[in-house]
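Trainee: All chains, please: the whole structure from these sequences, using the hints.
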Amino acid sequence: MNYFLKRTFQLLCTVFLVSLITFAAFYVIPGDPARVILGPEASDGQIDALRVELGLDKPLTTRYFEWIAGAFRGDLGRSLTFRQPVSRLIAQKLPVTLSIAAMSILMTVLVAFPLGIVASGRPGKFLDQLFSVLGHIFFAFPPFVLALLMTLFLGLTLKLFVAGEYISYTDSIPGFIASLFYPSIAVAIPKIAISQKFIRASIIVEKEKDYIRTAKSHGLSDTKVMFRHILPNSLVPIITVFSIIASEILGGILVVEMVFNIPGISRLLITSINARDFPLTEGIVLYLAVMTVIVYFIADILHSLVDPRIRLR
Amino acid sequence: MPKMIRFHPHSLFLIVGTAFVGIVLLLAMISFFYLPGDPMATDSATKLASPSPLHIFGCDHEGRDVLSRVMLGLRPTVTISLIGVLIAFILGMMIGSASGHFGGIIDNVLMLLADSIMAFPGILLALVFVAVIGKGLFSIILGFGIVFAPSYARIFRTGIRQLKDREYILQARMIGVKTPRLLIVHLFPGLVHQLAPAVVVGIANMALAESGLSYLGQGVQVPNPSLGNLLKDGQSYITSAPWMVIFPSLFLILYVLGLYFISEGIRMKYKAGGV
Amino acid sequence: MTYESAPLLSVRNLTLSFPASGIRKENTVLSRLSFDIRDGEIFGIVGESGSGKTITALAIAGLLPETAVVTSGEVFFRGQDLLKLPAKQRRDLLGKEIGMIFQEPLSSLNPLMTIGKHLAEVITAHREPGIPQEPAATSKTRILEMLAHVGFLNPGRIYRSYPHQLSGGQRQRALIAGALLLKPSLLIADEPTTALDSVTQSQILDQLRRISQGFHMSVLFISHDLKLMERMCDRLAVMHNRRIVECDATQDILHSPGHPHTASLLRGARFEIRDTRAEKSAPSVDAVPLIRIESLSAGYSSGFLRGGSEEKEVLKDVSLNILPGEILGLIGSSGCGKTTLARVLTGLLPGTSGQIYENETLFTNFSKSKRFRKPSIGLVFQDPYNSLNPYKTIGWLLEEPLRVNHLFKKSERRDRVLQMLTQVGLLKKYYDYYPSQLSGGQRQRVALAMSLMLSPSLIVADEPVSSLDVTVQAQILRLLWEINQRSGIAFLFISHDLKVIRSICDRVAVMDDGRIVETGRIGDVFRSPTNPITRMLIQ
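Protein chains in written order, with my numbering: chain A, 35 to 347; chain B, 114 to 388; chain C, 31 to 569.
Just so you know, not all the hints are guaranteed correct.
Claimed, not checked - Calculated cross-link-like contacts (lysine-lysine; reagent style DSSO-like; alpha-carbon spacing at most 27 angstroms):
| id | chain 1 | residue 1 | chain 2 | residue 2 |
| --- | --- | --- | --- | --- |
| 1 | A | K243 | A | K159 |
| 2 | C | K170 | C | K147 |
| 3 | B | K277 | A | K40 |
| 4 | B | K382 | A | K241 |
| 5 | C | K55 | B | K382 |
| 6 | C | K126 | C | K114 |
| 7 | C | K118 | A | K241 |
| 8 | B | K384 | B | K277 |
| 9 | B | K277 | A | K127 |
| 10 | A | K241 | C | K126 |
| 11 | C | K147 | A | K258 |
Hints in this document: simulated from the structure, not taken from any laboratory.
Mentor: Quick look at the structure:
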């Protein structure tokens, strides 16, 4: 209980700092934000109007608190480009991005675990070395390069899919999932490579530990030892690695979405940056950062569930 | 051949990795003295020309020589990745050392700060910086330096906390070694085996982040080439001129793969008992 | 003791090796081993580390690493050759007929499982096919009974506890309970108490003996400690260099050893360090104390983010004198505060109150200021593997005290170091070596040299020989003794090993729960202790 409270407190502090950083990043530039947004050719009247709209006449702290208060209510201001509430724009695009993220994570877990377990069974033998080298190579492929090459080879040469086609979930769910399939693979492959290596290494380390010797001396079969003792204990570092991977997946998706022309959060973000739409950019960044913090938090809670040493002092 | 691998796998990684990175660095450096063609000269005659003895990598949609553009494009990638990591490392060292050495409230606050920064997926913070400060080498390096610093801070902090109660560190304190020397001369060598791979991997990740940024149009601006925006251009012509995509990808992969191999080789060497 | 006709366990000409792989050559670890263990007897195997004791145990149990190959021999258990059994049958025996406990209780339990759950696995692993599993409640009762049997006063609490909530001794008892749960006929115990303090050690060994008699169970007891063997074992085998060199009834071996190696083990165990002819008379108790510790209290504080510091007081009002040139021993059970005292005395840990005087001059008053540093006090640690910076050469490490305190000219430092190396009994060539190239004993010599570089008047030695082999222990103790005799440096010698203390100290102080409960001349205290705590420790 104590640990849970402590982590929640840290979570809140982190979220607070994150929002502070996001807010500050936009308003600490020298000069007048409104002028920066509108460019050098704007008239004074336009600039003044924008200043009022953005609330720039109020002091910094007031602006921050109003923004935060709004964020709690779900109101992140209005986009300058689209003339719509920021939160509505985000809500439209976020499900797509989150779906890709979910699919990628699922793929990673489903593929990396069996590969890692198998590789740990015969360390040093041919299969293990093969996996290792392949893993290294795939690990180095940045998701968006992979996406481009996939488009080139799988999409155009082999015609396995139509590049740039996207089916919305409102039209057809299987079609939606199909069109997200290849982007998810592009993001997942390097993560599978690194996870598999890590899982294998964790298992090999645990296998050498003394309590495994005890379990064997109790007469347990190898399978039972693997699933009751080795895997649960390997989970602790694996959870940590997966939380880092999950947050990196988000970064990878940002670029992959553009390669495959998927209408997710990424396109919205780039548009907002190019148009200097500060409220929209701010809102998106806040959302994405808070999501990452929540992922880490969930990982910590999982940790404490798995490992009693963390739960009980 | 398999026997060779079993004997010295870490050497194999190091050699191949260094070779890959070497090729890339070599090309980047040559670009300062010699370019086979003019990377900026548009020529409608050679638009989308396929590779030929004159243009080894072919030409792009504006008729520019792809090889020259790739060589020129390597420069920002290499520069940003190297300088960015340097900044991240120094920042991380200062924050992590303070955190690990002083402990207590300072440690809690600094690590909270580090965690908040790590909450921003790599490219995101750089995007923010670019959006605010404007596009340019400075904002990119600054953004990356800040984003990557926390991971180094963590390594320093955890390492210091683990080692500072080791008997040989206590012994050093006892014979009168003062804190700065204690940290730098006595303690840091114990962290090298973790830091070295992390630095090398950091360079690779930063190169990836930079190319991602340029691909999104937020990094190096056209017509100045960068591996990222070459890929962006190439994507539109992927059917008619695949070499516009293949060659920039090749060099990016060479660089990143080579760096990963080097880092893996270092890690394996230390595990085998490099000390 | 009735001797039945067929022994329970019979090992015949067992030869074991690790075949060559890659760069490693073939390595024979056991050579034509033969011995018998009879029903209900406690059989010991004694030898130095590396003689092959543990491998023998693993071979009998069937827990050898995959790379090990039995090149010849048999292991007969109740007439069956274990080595020829299929894996599954071998596994069935393990836990049911043959139980095993190991040396490291702290890491031998799955940290994620409660003791109860862990132990229940033993029962479920040996379910007979076709016979319905006994209800969980019955299993639980069996486990609780066994936990009580091994000495737990509150089996229910232990059943629900996780390993990290238990002490080393408690964990070892739990492991014993697990090994005995199905009432095996043979228990293999590989150095089961080496990692525990002497009080717990006695308790567990007594328990083992009682259980062996009560269940009519044979025990294969492995150790490097001859004294323990004498207490525990009916018969004994001495192992040296992969072979058994002698095997007979314990009393016979110990009183009239047949093999030279046994004789040298016995000699090593006796520890005659002090050479009474050369001895300087120990300082009289009335002499001006070198160090006087007055009402010292110290502790650790662990607090959270803001305040809420929980002070854990470890030293409570400690007063102690260290006389110039003496070797003062400090004993006590684990956790009593010996190491904390060492840390405070050497300036590594601040005290909360009290004063320390050197030659009657106050040099620290903890009631006023917290920290101090006194280079005239040196410190030697227990763990030789962490006490030297692995990234620096020996020469560099030994020059560092001189460098940092600006002593001697640069050119002279190397000579001083080389002199020091000779003084501690190391060849000068070790100047350029790295710690990883030195053995445990050699590293302790270097550690000692490091303290000596600053010409201290007192060296605090915290369990300096506890991690070393018995023969090496004697060498290092002799070195300490010679340094004390030659240069008059006083030693505060902390140890849990009474025979070590007895062999080298002039006076001894006894600590319990953060307080000094008795001090006095070594002979007096050991012969007629006044304090019950002392009596319990000495036994």
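Trainee: Could you work out which earlier hints the structure fails to respect and list their numbers in ascending sequence?
Mentor: 9
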